[in-house]
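Student: Spelled out, the chains give:
2 protein chains.
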Amino acid sequence: MVKIMAEKKHKKETKAKEKVSPKQIAERIKKSAEIMVKQIEKQEDPEFTTMQRGKSNVVWDEKKGYLALGDKEIKRTFLNIAHARKFMQTTLIMQKTQDYLLNNKTASIREIYYELKHTIKGTKENTFEGQDESDPIIVDLEHSVDTIREKLNLHANPKGTLYGNITLKDKMHNNDKFNASKLGRGGWSIMSRIEPEEIELLETDAEYLLVCETEAMFERLIEEGYPKPNKCLLIGTGGQAARGARRLIHRIHEELDLPVYVFTDGDPYGWYIYSVIKQGSMALAAHSEFMSVPDAKYIGMTLDDVKNYELENVTEHMKEGDVKRAKEMMAYPWFQNKEWQDQLKKAITQKIRIEQQALANKKLDFVATHYLPEKIRNNEFLP
Amino acid sequence: MVKIMAEKKHKKETKAKEKVSPKQIAERIKKSAEIMVKQIEKQEDPEFTTMQRGKSNVVWDEKKGYLALGDKEIKRTFLNIAHARKFMQTTLIMQKTQDYLLNNKTASIREIYYELKHTIKGTKENTFEGQDESDPIIVDLEHSVDTIREKLNLHANPKGTLYGNITLKDKMHNNDKFNASKLGRGGWSIMSRIEPEEIELLETDAEYLLVCETEAMFERLIEEGYPKPNKCLLIGTGGQAARGARRLIHRIHEELDLPVYVFTDGDPYGWYIYSVIKQGSMALAAHSEFMSVPDAKYIGMTLDDVKNYELENVTEHMKEGDVKRAKEMMAYPWFQNKEWQDQLKKAITQKIRIEQQALANKKLDFVATHYLPEKIRNNEFLP
Chain U
7 MVKIMAEKKH KKETKAKEKV SPKQIAERIK KSAEIMVKQI EKQEDPEFTT
57 MQRGKSNVVW DEKKGYLALG DKEIKRTFLN IAHARKFMQT TLIMQKTQDY
107 LLNNKTASIR EIYYELKHTI KGTKENTFEG QDESDPIIVD LEHSVDTIRE
157 KLNLHANPKG TLYGNITLKD KMHNNDKFNA SKLGRGGWSI MSRIEPEEIE
207 LLETDAEYLL VCETEAMFER LIEEGYPKPN KCLLIGTGGQ AARGARRLIH
257 RIHEELDLPV YVFTDGDPYG WYIYSVIKQG SMALAAHSEF MSVPDAKYIG
307 MTLDDVKNYE LENVTEHMKE GDVKRAKEMM AYPWFQNKEW QDQLKKAITQ
357 KIRIEQQALA NKKLDFVATH YLPEKIRNNE FLP
Chain A
7 MVKIMAEKKH KKETKAKEKV SPKQIAERIK KSAEIMVKQI EKQEDPEFTT
57 MQRGKSNVVW DEKKGYLALG DKEIKRTFLN IAHARKFMQT TLIMQKTQDY
107 LLNNKTASIR EIYYELKHTI KGTKENTFEG QDESDPIIVD LEHSVDTIRE
157 KLNLHANPKG TLYGNITLKD KMHNNDKFNA SKLGRGGWSI MSRIEPEEIE
207 LLETDAEYLL VCETEAMFER LIEEGYPKPN KCLLIGTGGQ AARGARRLIH
257 RIHEELDLPV YVFTDGDPYG WYIYSVIKQG SMALAAHSEF MSVPDAKYIG
307 MTLDDVKNYE LENVTEHMKE GDVKRAKEMM AYPWFQNKEW QDQLKKAITQ
357 KIRIEQQALA NKKLDFVATH YLPEKIRNNE FLP
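Sequences listed follow chains U and A, in order. Using my numbering, the final residue of the first sequence is 389, and nothing's skipped along the way. Using my numbering, the final residue of the second sequence is 389, and nothing's skipped along the way.
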């Protein structure tokens with residue numbers, strides 16, 4: 007009972023964080039800046055607080071089912087010589103992102119770096135020497151105002167494609183409404199930022215979302231006409247899912263209440279892609295609540311498929327790097343269950359991998375007519 | 007006069023090649039196979055003819071304005087031990103692609119590899135050991151039946167995005183009609199195969215096509231509302247343009263008669279991306295007539311932009327690999343003009359590069375309000 011209540015409270019908090027408006031975020035930045043100004047007026051050393059990052063402050067939150075950031079904070083002060091440059095950079099990023107938020111502008115993290123780079127008047131010092139200086143400051147600010155980069159109107163490159171009977175609305179673009187099953191076989195190119203105040207998910211008759219690692223499998227399933235009769239939405243991530251794709255997967259699950267099935271190559275890299283969609287990643291542990299889908303299930307490929315579907319002839323050898331990755335993954339707390347330990351052990355001992363597209367060895371349409379429908383009918387998922 | 011007539015004849019030939027139907031290609035494959043069968047029946051050694059590839063058979067066709075394949079042929083015969091395995095593989099690929107063509111199926115080059123891989127009955131020999139065995143056979147077949155992979159219903163991975171007021175129709179998908187300016191800011195995900203018998207370009211009010219190297223610049227121009235008032239279509243290639251994107255650029259130019267302006271980073275890699283769109287590449291020299299746009303113009307970035315737009319502060323150092331690439335490019339026949347020799351020399355001596363996104367240093371919207379409109383108004387292009 008207590009557990010359920012705690013879960014409910016957490017869901018409510020996440021929803022509130024999700025719904026925070028650009029104005030509210032701008033307000034938080036302003037407050038943080040006002041505190042600094044007051045400190046300066048009082049001739050105190052101005053301070054900026056953010057969260058500590060890196061492995062030492064990443065926790066596996068078993069209850070929530072995802073990786074999260076711990077509660078270790080770090081303070082940065084202007085009069086500390088080791089902090090002064092970063093402090094200056096932080097205030098620049100604060101000022102600029104507030105500007106974006108108040109003027110409905112968005113920018114890529116490369117653009118904000120270029121926009122802010124200049125030589126400080128009367129010195130030979132540049133504000134930033136490279137994007138490797140501005141990127142971590144953006145993360146500092148995300149944590150400091152308790153939000154994600156997307157809600158600071160920043161983004162990285164887009165990647166990934168959506169297909170299926172779902173109607174979206176882009177409120178920032180003439181309120182365009184479009185259905186992702188009516189754009190030919192190409193599908194909709196997922197934007198780098200998929201925030202609810204801009205992109206609305208209007209309606210769908212789909213019963214689940216299938217996430218595919220390869221764009222080629224995404225195209226295969228469209229060619230086979232899989233989505234319509236199976237009432238499914240498709241997202242092709244093209245390898246590791248980009249932030250925009252992860253946000254969309256998360257939102258489809260949360261807002262439309264659709265189960266998420268992940269379909270990757272049967273190798274440690276594919277399984278890792280799955281685990282990032284499900285439980286988040288070390289690097290973005292702070293943002294799991296916006297991006298992860300702890301309820302996601304794994305549909306394939308597994309090394310058991312090799313025998314079950316007689317694919318012995320079309321396995322590939324695993325490279326040493328993959329074996330090493332599998333060994334590391336065996337130790338991750340979120341792979342501590344019989345099913346995954348089993349898969350990883352098989353990978354390490356058999357040293358084979360099996361690609362999604364190897365199913366073409368049966369027949370091109372086998373994946374659509376047999377593999378996926380059977381797995382779903384028999385509830386044959388890995389956790 | 008003779009030159010103009012020769013050009014017209016060439017255009018006509020290309021159009022005919024463009025319009026060839028799946029059935030016609032299947033027929034060509036069949037004919038080639040029938041010749042083999044007759045040879046076998048006469049107890050002769052069956053033969054397969056294709057074009058020689060590689061640098062020694064690539065020519066720079068100055069009149070046509072693109073790289074082309076020369077006329078050196080190679081013959082493969084079954085009874086030559088060095089050819090026997092490849093011969094067997096060729097007939098497998100011929101049979102399978104004909105099958106695709108007659109049944110309206112398409113497949114990725116990875117899928118056809120998997121579909122055909124098996125152990126030959128009564129032996130321990132596999133038909134293919136890896137995709138590196140099937141890919142070159144596909145190219146052999148393309149040349150042998152004088153077409154492109156796409157018209158064999160094969161494709162590689164999709165990449166690239168289309169935005170702007172153009173209506174497309176997908177004849178293979180419920181005759182979907184959609185306008186690429188009404189899909190929100192995400193745009194349409196360009197398919198891996200953009201063949202006229204499947205995807206029709208219906209109408210547009212655009213006056214030119216702007217091709218952007220980075221997806222981030224593509225997003226910037228959409229956010230700034232650039233395409234509509236400037237009557238322009240946008241394609242973001244995300245680096246080197248994929249075959250589908252190149253086909254679409256080529257077709258928009260040929261069928262809709264729109265000028266093509268290419269906008270890349272100001273560095274040898276970006277300029278090479280431009281030259282592949284314009285004149286084709288060594289590797290795909292045989293397909294230039296389907297993919298190249300010899301009339302394309304280069305809008306930026308140039309190293310002269312650095313001074314003209316006061317971007318000295320936001321250049322990047324060029325890596326040694328880029329310097330080496332620039333030196334190689336100086337020797338290419340299609341860079342033998344004053345403007346490009348000038349740029350390449352500057353790159354080599356100044357060792358700087360300038361990114362598209364560096365324009366954000368002026369202001370985020372500078373590219374849309376000043377840079378592009380001024381260049382177009384003043385006709386400031388490189389050839």
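The reader is advised that the hints may include incorrect statements.
Note that the list lumps identical chains together, so a pair holds whenever it fits in one copy or between two copies.
[Said to hold, decoys possible] Here are the simulated BS3-like pairs of lysine-lysine, each with C-alpha atoms no more than 27 Å apart in a straight line:
no., residue 1, residue 2
1, K313, K368
2, K303, K177
3, K17, K357
4, K234, K61
5, K29, K368
The set of hints was computed from the structure by calculation and includes no laboratory data. Being a predicted model, the structure only gives us computed values, none of them experimental.
Student: Work down the list of hints and note, for each, if the structure agrees.
Tutor: Against the structure, the hints come out as follows:
| no. | hint | verdict |
| --- | --- | --- |
| 1 | K313 <-> K368 | within (13 Å within a copy, 60 Å between copies) |
| 2 | K303 <-> K177 | neither (32 Å within a copy, 35 Å between copies) |
| 3 | K17 <-> K357 | neither (41 Å within a copy, 53 Å between copies) |
| 4 | K234 <-> K61 | neither (43 Å within a copy, 47 Å between copies) |
| 5 | K29 <-> K368 | between (55 Å within a copy, 25 Å between copies) |
Checked against the numbered hints listed earlier, the structure breaks hints 2, 3 and 4; every other hint is satisfied.
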